[in-house]
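Residue numbers (the numbering used here), protein chains in the order written: chain V, 1125 to 1490; chain L, 1125 to 1490; chain Z, 1125 to 1490; chain A, 1125 to 1490.
Please note: incorrect hints may appear among the correct ones.
Taking lysine to aspartate or glutamate pairs in the DMTMM-like style, the calculated list, with each CA pair at most 25 Å apart, reads [stated by the list, open to error]:
no., chain 1, residue 1, chain 2, residue 2
1, A, K1327, A, D1387
2, Z, K1327, A, D1387
3, L, K1451, L, E1199
4, A, K1451, Z, D1387
5, Z, K1451, A, E1386
6, V, K1273, A, D1242
7, L, K1451, L, D1242
8, A, K1327, Z, D1387
9, Z, K1327, A, D1289
10, Z, K1451, A, E1391
11, L, K1273, Z, D1323
12, L, K1327, V, E1199
13, A, K1451, Z, D1293
14, L, K1327, V, D1298
15, V, K1273, V, E1199
16, A, K1327, Z, D1293
17, V, K1451, L, E1391
18, Z, K1451, Z, D1293
19, Z, K1451, Z, E1341
20, A, K1327, Z, E1320
21, L, K1451, V, D1298
22, L, K1327, L, E1216
23, Z, K1327, Z, D1298
24, L, K1327, V, D1387
25, Z, K1273, Z, D1170
26, L, K1451, V, D1164
27, V, K1313, V, D1298
28, A, K1273, V, D1164
29, V, K1327, L, E1391
30, V, K1451, V, D1242
31, V, K1273, V, D1387
32, L, K1327, L, E1341
Derived, one-sided and incomplete: chain A residues facing chain Z with beta-carbon distance under 8 Å [what the hints assert, rightly or not]:
no., residue
33, I1372
34, G1377
35, D1481
Since the hints were made in silico from the structure, they are not lab data. Just so it is clear, CB atoms sit at the ideal spot from N, CA and C, and this is done for glycine as well.
Protein chains: 4
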Amino acid sequence: MSHNSFGHLFRITTWGESHGVAIGCTIDGTPPNIRFTLADIQAELDRRRPGQSRYTTQRQEADQVRVLSGVMPGEAEGEYISTGTPIALQIENTDQRSKDYSDIARRYRPGHADVTYDVKYGIRDYRGGGRSSARETAMRVAAGAIARKVVPGLVVRGALVAIGDIWIDRARWDWAETANNPFFCPDAKTATRWAEYLDGVRKRGSSIGAVIEIVAEGVPAGLGAPIYGKLDSDIASGLMSINAVKGIEIGKGFAAAALSGEDNADEMRPGENGLPDYLSNHAGGVLGGISTGQPVVARFAVKPTSSILTPRQSVDADGNAVDVMTKGRHDPCVGIRAVPVGEAMVACVIADHYLRDRGQIGVPRS
Amino acid sequence: MSHNSFGHLFRITTWGESHGVAIGCTIDGTPPNIRFTLADIQAELDRRRPGQSRYTTQRQEADQVRVLSGVMPGEAEGEYISTGTPIALQIENTDQRSKDYSDIARRYRPGHADVTYDVKYGIRDYRGGGRSSARETAMRVAAGAIARKVVPGLVVRGALVAIGDIWIDRARWDWAETANNPFFCPDAKTATRWAEYLDGVRKRGSSIGAVIEIVAEGVPAGLGAPIYGKLDSDIASGLMSINAVKGIEIGKGFAAAALSGEDNADEMRPGENGLPDYLSNHAGGVLGGISTGQPVVARFAVKPTSSILTPRQSVDADGNAVDVMTKGRHDPCVGIRAVPVGEAMVACVIADHYLRDRGQIGVPRS
Amino acid sequence: MSHNSFGHLFRITTWGESHGVAIGCTIDGTPPNIRFTLADIQAELDRRRPGQSRYTTQRQEADQVRVLSGVMPGEAEGEYISTGTPIALQIENTDQRSKDYSDIARRYRPGHADVTYDVKYGIRDYRGGGRSSARETAMRVAAGAIARKVVPGLVVRGALVAIGDIWIDRARWDWAETANNPFFCPDAKTATRWAEYLDGVRKRGSSIGAVIEIVAEGVPAGLGAPIYGKLDSDIASGLMSINAVKGIEIGKGFAAAALSGEDNADEMRPGENGLPDYLSNHAGGVLGGISTGQPVVARFAVKPTSSILTPRQSVDADGNAVDVMTKGRHDPCVGIRAVPVGEAMVACVIADHYLRDRGQIGVPRS
Amino acid sequence: MSHNSFGHLFRITTWGESHGVAIGCTIDGTPPNIRFTLADIQAELDRRRPGQSRYTTQRQEADQVRVLSGVMPGEAEGEYISTGTPIALQIENTDQRSKDYSDIARRYRPGHADVTYDVKYGIRDYRGGGRSSARETAMRVAAGAIARKVVPGLVVRGALVAIGDIWIDRARWDWAETANNPFFCPDAKTATRWAEYLDGVRKRGSSIGAVIEIVAEGVPAGLGAPIYGKLDSDIASGLMSINAVKGIEIGKGFAAAALSGEDNADEMRPGENGLPDYLSNHAGGVLGGISTGQPVVARFAVKPTSSILTPRQSVDADGNAVDVMTKGRHDPCVGIRAVPVGEAMVACVIADHYLRDRGQIGVPRS
């Protein structure tokens, strides 16, 4: 079975294959009277767009989005006001090189979903990885641009914190840096190391994994739907749905397993507006599945892409042993472009929970 | 908002507070003609039951489950045959010591959901942690006993792999060992180290975290619902919903971020029955969100409980600064009892996806 | 497949067979701080309870409900305050006469779900009709008592408007009358006719159908989730889910098909509070799937029960021709007891939509 | 709140306003390897298309559908094979005459959703009725073309059975006739009466309602998800979601209320393949919410459109009293074009339940 919708009250449904005519999404549940511009969406897409540096895939996609429904025009061109009806976004695919994939029409690339899609469906659009390609994530990023508008004051930002085993130095964390290098790296020094490192990876036709951290600020306290719609459960589900993700953490994550109760729990002292001040944020902004009002901090691990130049043992659709290597245009580190995608997923989850608690209609907006 | 149901076609809905009259769950979607016994369920519950060793909470709960609907009687007492209608399971709470919690009726224990429940709901059953207590997980374990019956040949087992920073030696992994020590530890030597270590933690009135690994075997290939109902997304969501969980991994998890594409991707060679043989399982049994047929391997990290004897800075419901320490009966390592809970969540997810692909009625059963 | 939950944010999940140990429901999504009493629920159940007159089934069920979770105690015994966590309600079955049904263990009563349950599930609890019995509706009525509390000012009332082809005289409609006769009839004169008529039906061992009208007042304008969660769609789904229902109408219903546009549309004139006054209510309180603020008026038709004394041609589970007649205790007109059930379903739908628009937490309450 | 998805495993999500750029839908859950052609979809759309006769709206829409995803190309142009991934369908709007609606930008047409959309959302696309227009139903019809392919042997047909109070003569029912007149009328004689009658209605600038009957044959027995996902509940919900619908019936519908148990229940005698033969079909193919294997028969009542030339009392968005009459292009009987829409909804429901019981992957296909 397939399930291509995410969210309950703020729900996105995506469609489209990597080499199909287009990709798109329908956003259901945007409250009415939310103002946004085409530029808002395009800006997010541009952060994800391939072909922007030599460290990401060389496929050139303009990724120009169109808004097809759910809005009334604003005052200027490209300005929109949501009506509360479903918003359809769409991007034409313009730079498919299907022949790049013809070699693997019937071969299974190890580490890719080729084999599992064939096992499950008995048929697959192999071109460009079809539906299993990360191309689909462009629509999540587009939807995330609107999700960000649903919660007043919400700011969701992402950063790469590790490539391979080269981690940033948190003491040098500067959000402004993430816009100054091709890696969304908040630590300028580490960005330089990564550049050099990835040049080597790319030239070898190899690939490497990465870890991304997403921080959401301005999250109202009290969001989350215990027991099975916990805020962190939904964030985990959303991040795990991104291509090539193999691990999720909230707050201290796996490191919390090695902490004592005294060291891990975030102490409190009197605060304002009925909320305490927290002396730390090991919890990552979520306690008992509900937001505390502190920054929500999540991390996810992206495995290295399996689209590499090294021949690997595999099988073909007829069950014969074959070697597979992937030519064509690929990311040496797919984790880089996952940063805006992770931001979008977290934004969508928070928007969804905001509406579930506050209602879609009774939501104050600018 | 609250959301207390998990799953789509195999769906469990739980209810009940830690110190309420009872706890229960409704299992909707069990295919008809599945045979199970009260002993099947009780056996799973007994693995989770508190008061079994000095390393777990001393609350004595008989945790005797009753089946109230959804079955016809089998031949012997305690034997049941599912009818396809909802199965209600229920456990009476017998050993609540509500006065143990009277100190914290209006105090927020750091690291617990006390404060977030109050922020969200404005009212909470503080007794024993109310709905946020891990008592609720008993019902998941009960439901998991039935989930295991849905997929012929499915075996789901869990083991503790780390307490604090003391990890097992994987080379000595022996599933049979997990039944020989109070820790579900598959490595006898490490179990001994943990016993000594935890004695110290317990005596200090402190707590420590843990990492649990769940392995599901006999998972048919092809299960999972891309893009947003991926098998690993649902597993991540289910495991993250367990109390005190802060991290989830599938396969290599975060370690995959430090691997190259050559090292991470699982090579294949010709196999049987239309499926390849895999030369490794770094993927953890899931590729593109769909099961490969290999063991599904997931890990989750449990933070240390915040119910400790050390006084900690906090606030009360009136916003005053207070110190909070928790007396009463607590787990020095709540991760231990989470093992059967993790197994149950994974079993429920796999059962759900099995039915989504194969249908609830056309499912072959023993 | 089975699906035993109804609603999105205010969601009820029921379980239990007619002759099982008990029946119950879980109500998920009740906002916190809603006050209710056991008597509130019991009062609704008592309106539905069998054995109250010679016109309804003679099964004697005390139908005493228990609240098992989701509440803190109020000041007096039987008073509760919702915590926002799931509320479990339960009723023990005390008066099953399973041997009354032993004749039909393997026979299919025409017009009943016996045959379809066997076709679908391959196994059924035949005792008392098992899960397909109207016994399940007691839990809906219980849940409806709480649903009514969710929307401030909501009043949902039902009345029988026809038994067989004997319709009430709408000109004599008096809600107070519905409590004065065994039929929920708002027209005293017609109630007398029905009494005489049904005596004949009952003595003949026959049965007859009925039409019930539900009117909800105090419904805020603007509720409903176009296009597929329209208020009237959800009401239709909820009413159609009641046993033996074969038709649903909103407002003028089928009569609207014979009206001209001039005669059917409800004209408006200026009103108060941003809402118009309507000069009529042919729409039944719903326009475009959204409530207008006028009374929501729905009707449903209940077919005659097929549990009658006349032998009818049928087959048994082995495919042999048999005659079936049902002895035991039955309703000559099952529609009578459906009145509180219809009220409950409409109340649940309105509560659900109220929360979907206003949010479960930001809901003003008494 | 808005909710624009319908179905569980076979789920359609629609978007688009009457005068927006385009309208579209995403079909999630189509099993893989289903073959269909553009002509299959176009044929269904052409049955619904406006401007086909003087009895339906004169808006000229080519309604040419495009398939944008979810398929691999078949052998010939316009032939497709589903891959199991979401299928996006889209139709450009080409003949919007927005100025036709400028008069009512701030006026509320009685009987239309103008006022309720403004109350709910505070903003609406008034052009052509925006999202509340029946234009959206084109996408349901397109999706229905694919739904029909999911269940082997399924045939879903609709017919108009009444316009105003002029009913067909069932004794003359001939499905072939429905293609010979502009009314989907199965009774040639009545079609002639309707032509004459509607000419008068149209010339008067008035409108009239209608009743449509949908018959689904080849429905496997055993489909439906009791208690709250009953086949007839989902059909009722789907039909009620169609614009202007005010009543739903299954089988005998409201007439069943006037029948005795002896007359209403469908007797059975031994049949084949484990299913009985039924001596009648008053149940309309559904018993206890589950299909019997007999034709599923549903009817729905469509109210007269309120877009008429007669001035009616109303208010405007500022609360002033105004008269409203609608010029522009309208249907004197919107029920006519609802026939293919009703067929599509029933097809979608049956496809959904087929997959819920048989699984999306284990479905035999041609």
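Results for each hint:
1. A/K1327 - A/D1387: 44 Å, violated
2. Z/K1327 - A/D1387: 17 Å, holds
3. L/K1451 - L/E1199: 48 Å, violated
4. A/K1451 - Z/D1387: The given pair, whose Cα atoms are some 18 Å apart, holds under the 25 Å limit.
5. Z/K1451 - A/E1386: 15 Å, holds
6. V/K1273 - A/D1242: Given pair V/K1273, A/D1242 holds - Cα atoms ~22 Å apart, limit 25 Å.
7. L/K1451 - L/D1242: 21 Å, holds
8. A/K1327 - Z/D1387: 17 Å, holds
9. Z/K1327 - A/D1289: Status violated; Cα separation ~38 Å.
10. Z/K1451 - A/E1391: Answer holds: Z/K1451 to A/E1391 is near 18 Å, not above 25 Å.
11. L/K1273 - Z/D1323: Violated, at about 51 Å.
12. L/K1327 - V/E1199: With Cα atoms ~69 Å apart, L/K1327 and V/E1199 exceed 25 Å; violated.
13. A/K1451 - Z/D1293: 40 Å, violated
14. L/K1327 - V/D1298: Violated - the C-alpha atoms of V/D1298 and L/K1327 are around 43 Å apart, more than 25 Å.
15. V/K1273 - V/E1199: Cα-Cα ~18 Å, so holds.
16. A/K1327 - Z/D1293: 37 Å, violated
17. V/K1451 - L/E1391: 18 Å, holds
18. Z/K1451 - Z/D1293: Answer violated: Z/K1451 to Z/D1293 is near 35 Å, above 25 Å.
19. Z/K1451 - Z/E1341: Since the Cα atoms of Z/K1451 and Z/E1341 sit roughly 41 Å apart, the hinted pair is violated (cutoff 25 Å).
20. A/K1327 - Z/E1320: 51 Å, violated
21. L/K1451 - V/D1298: 43 Å, violated
22. L/K1327 - L/E1216: Distance of about 31 Å is beyond 25 Å: violated.
23. Z/K1327 - Z/D1298: Given pair Z/K1327, Z/D1298 is violated - Cα atoms ~30 Å apart, limit 25 Å.
24. L/K1327 - V/D1387: Roughly 17 Å between the alpha carbons, so the hint for L/K1327 and V/D1387 holds.
25. Z/K1273 - Z/D1170: 18 Å, holds
26. L/K1451 - V/D1164: 53 Å, violated
27. V/K1313 - V/D1298: 11 Å, holds
28. A/K1273 - V/D1164: At roughly 41 Å apart (the allowed maximum being 25 Å), V/D1164 and A/K1273 break the hint.
29. V/K1327 - L/E1391: Status holds; Cα separation ~22 Å.
30. V/K1451 - V/D1242: Since the Cα atoms of V/K1451 and V/D1242 sit roughly 21 Å apart, the hinted pair holds (cutoff 25 Å).
31. V/K1273 - V/D1387: Answer violated: V/K1273 to V/D1387 is near 36 Å, above 25 Å.
32. L/K1327 - L/E1341: Violated, because 38 Å separates the two Cα atoms, which is more than 25 Å.
33. I1372: 5 Å, holds
34. G1377: 4 Å, holds
35. D1481: 5 Å, holds
Of the numbered hints stated above, those contradicted by the structure are hints 1, 3, 9, 11, 12, 13, 14, 16, 18, 19, 20, 21, 22, 23, 26, 28, 31 and 32, listed in ascending order.
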